[in-house]
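Undergrad: Here's the letter readout for the chains.
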Amino acid sequence: AYVWGTNIVEVEVDVQTGVCEVTDVLAVHDVGKAINPQTVEGQIEGGILQGLGYGRFEEVIFSENGAVLTNSYGTYMIPSMMDSPCIHTFIVEDPWDEGPYGAKGIGELPLVGVAPAITCAIYNAIGVRLNEIPATPERVWKAIQEQIWAAV
Amino acid sequence: MILEIFINEILYREEVSPEKRLLDFLRDDLGYMGSKKGCEQGECGACSVIVNQRLVNSCIVLMAQLPERSRVLTIESDEPIIMSLKEAFVEQGAIQCGACTPGMILASAALLLKNSNPSEEEIRVGLSGVLCRCGGYPKILGAVEVVRDNFRGVS
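Quick mapping for you: the protein sequence lines, in order, are chains D and V. Everything in the first sequence is counted per this note's numbering, starting at 24 for the first residue and increasing by one. Everything in the second sequence is counted per this note's numbering, starting at 64 for the first residue and increasing by one.
Worth flagging that the hints you see were computed from the coordinates, not collected in a lab. Incorrect hints may have been included.
Label-pair restraints from in silico Cβ distances [to be verified]:
1) S86(D) <-> S80(V): 31 to 39 Å
2) S179(V) <-> T62(D): 28 to 36 Å
3) R215(V) <-> G97(D): 33 to 41 Å
4) G205(V) <-> A90(D): 40 to 48 Å
5) R215(V) <-> N147(D): 54 to 62 Å
6) K177(V) <-> N88(D): 41 to 49 Å
7) I31(D) <-> G205(V): 41 to 49 Å
8) S191(V) <-> V51(D): 25 to 33 Å
9) F113(D) <-> G161(V): 20 to 28 Å
10) I58(D) <-> S179(V): 36 to 44 Å
Each residue gets a CB set at the ideal place from its N, CA and C atoms; glycine is no exception.
Starting from the given sequences, assemble the full structure and let the hints guide the process.
TA: Printed below as a string of structure tokens:
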């Protein structure tokens with residue numbers, strides 16, 4: 024399914040350490056018909072957290088031989104309760120004739136726009152464009168340094 | 064070894080291997096299926112139970128580690144705080160797929176039993192050991208706040 028959705032993300036970037044905290048997320052999704060609005064909202068919130076992890080810390084790292092090094096919760100970092108930002112969700116209902124009660128769907132769709140929104144917000148905050156995720160502190164810090172030295 | 068143990072206030076006297084994990088004892092020996100096998104490494108919190116008033120990951124607790132006549136609370140408990148949390152989680156829509164729910168409720172109960180008036184930050188810290196991938200954390204946080212606010216009135 025396509026994502027008929029928009030995400031706005033607010034970040035705080037510490038330029039000394041490269042740490043980017045996501046403080047606020049607004050997500051608007053056209054689901055056609057929210058048959059159970061509370062569950063749809065929960066699904067959107069979950070997708071936002073997943074996108075946040077994708078954008079900020081989740082990374083699959085392989086060894087030279089192709090072994091997965093990040094193969095546990097201790098190494099493949101997913102968001103915890105500590106990382107959950109302030110989330111606002113808006114559900115738009117523009118019914119689809121062929122969907123049940125007009126529903127289009129939601130599911131994994133809320134994940135899609137969040138990581139790009141995070142990198143856009145980082146650019147908006149500090150003028151540094153990342154073309155790689157996750158936007159780990161190391162990557163952000165390196166990008167800041169490269170920009171500083173390019174200007175010299 | 065023979066072990067006497069209270070599960071949700073019911074006394075059991077069982078023959079059990081000392082190296083058996085508490086999670087397997089609860090699920091396989093006694094049929095308490097509510098505590099989940101998430102990662103089996105003590106990282107995800109889906110197996111969380113309260114043992115002698117302490118929140119533990121039951122997947123990394125061996126039966127041999129438990130003091131005699133230990134008291135264990137699981138999600139199946141009808142302890143008032145756990146019942147209130149179950150109700151709040153349902154009403155607030157804090158259950159998406161439900162895999163983390165038993166762990167989240169036990170972690171919330173452990174927090175509220177120690178601190179009946181936690182701040183939002185304290186709730187986040189208290190629940191930080193249980194991972195949720197499906198519904199995110201906002202509604203879970205909301206449900207715990209509802210129970211906190213109701214209990215505040217009572218005590």
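Undergrad: Does each hint hold? Answer for all of them.
TA: Each hint, compared with the structure:
A hinted range of 31 to 39 Å holds for the C-beta pair S86(D) and S80(V), which are about 36 Å apart. Look at S179(V) against T62(D): about 30 Å separates their beta carbons, and that is inside 28 to 36 Å. Look at R215(V) against G97(D): about 36 Å separates their beta carbons, and that is inside 33 to 41 Å. Look at G205(V) against A90(D): about 41 Å separates their beta carbons, and that is inside 40 to 48 Å.
The supplied range of 54 to 62 Å is broken by R215(V) and N147(D), whose beta-carbon atoms lie about 41 Å from each other. At about 47 Å, the CB distance of K177(V) to N88(D) agrees with the hint of 41 to 49 Å. Checked against the given bound of 41 to 49 Å, the beta carbons of I31(D) and G205(V), roughly 22 Å apart, lie outside it. About 29 Å separates the C-beta atoms of S191(V) and V51(D), a value consistent with the hinted range of 25 to 33 Å.
At roughly 26 Å, the beta-carbon separation of F113(D) and G161(V) lies within the given 20 to 28 Å, and the hint holds. Separation of I58(D) from S179(V) is about 37 Å and conforms to the stated range, judged on CB atoms against 36 to 44 Å.
Hint compliance for this structure: hints 5 and 7 are not met, and every other hint is.
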